[in-house]
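Peer 1: Per my numbering, residue 1 is the first one in the sequence shown, and the count goes up by one each step.
It is possible that some hints are incorrect.
Computed cross-link-like contacts, DSS-like style, restricted to lysine-lysine with a CA-CA straight-line distance of at most 30 Å [claimed, not checked]:
{"id": "1", "residue 1": "Lys96", "residue 2": "Lys78"}
{"id": "2", "residue 1": "Lys8", "residue 2": "Lys76"}
{"id": "3", "residue 1": "Lys76", "residue 2": "Lys98"}
{"id": "4", "residue 1": "Lys76", "residue 2": "Lys28"}
{"id": "5", "residue 1": "Lys67", "residue 2": "Lys80"}
{"id": "6", "residue 1": "Lys8", "residue 2": "Lys65"}
What follows is a list of derived Cβ distance ranges for each label pair [claimed, not checked]:
{"id": "7", "residue 1": "Thr7", "residue 2": "Tyr89", "range": "40 to 50 Å"}
{"id": "8", "residue 1": "Gly70", "residue 2": "Gly15", "range": "40 to 50 Å"}
{"id": "9", "residue 1": "Thr23", "residue 2": "Gln54", "range": "46 to 56 Å"}
These aren't lab readings, by the way, just hints derived from the structure by calculation.
All residues carry an ideal CB built from backbone N, CA and C; glycine is no exception.
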Amino acid sequence: MTVNQETKEIVILPGIELNAFYTTLGLKGGDIVTEVDGKPYNLDNIYDLVMGSQNWKENGDITVKIKRDGKEQVLKGKIKLPYVEETGYIATDNTKQKLREAWLKG
């Protein structure tokens, strides 16, 4: 997402791979987001949109009004939160358990 500084419009960046949230709703690069759940948004209040999105729940209902190719459209769907899969490690400390087992065995 980016903002057109001249028009103050919120624009979905064209030419990039969109995450599950955007694709599930049917948003496309170049779409101009004008409202989310009935509240108008632009450069002046985009911070409210970002902060409000932190309270969205997986599979909750959402309605997004956009302009695509000069025509207004309303997209309705379920919230699909984007997740990033990463390989990692979890540190475990079994020292207490090993000490207990050794003590019990005598």
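Peer 1: Identify every previously stated hint that the structure contradicts and give their numbers, smallest first.
Peer 2: 1, 3, 8 and 9
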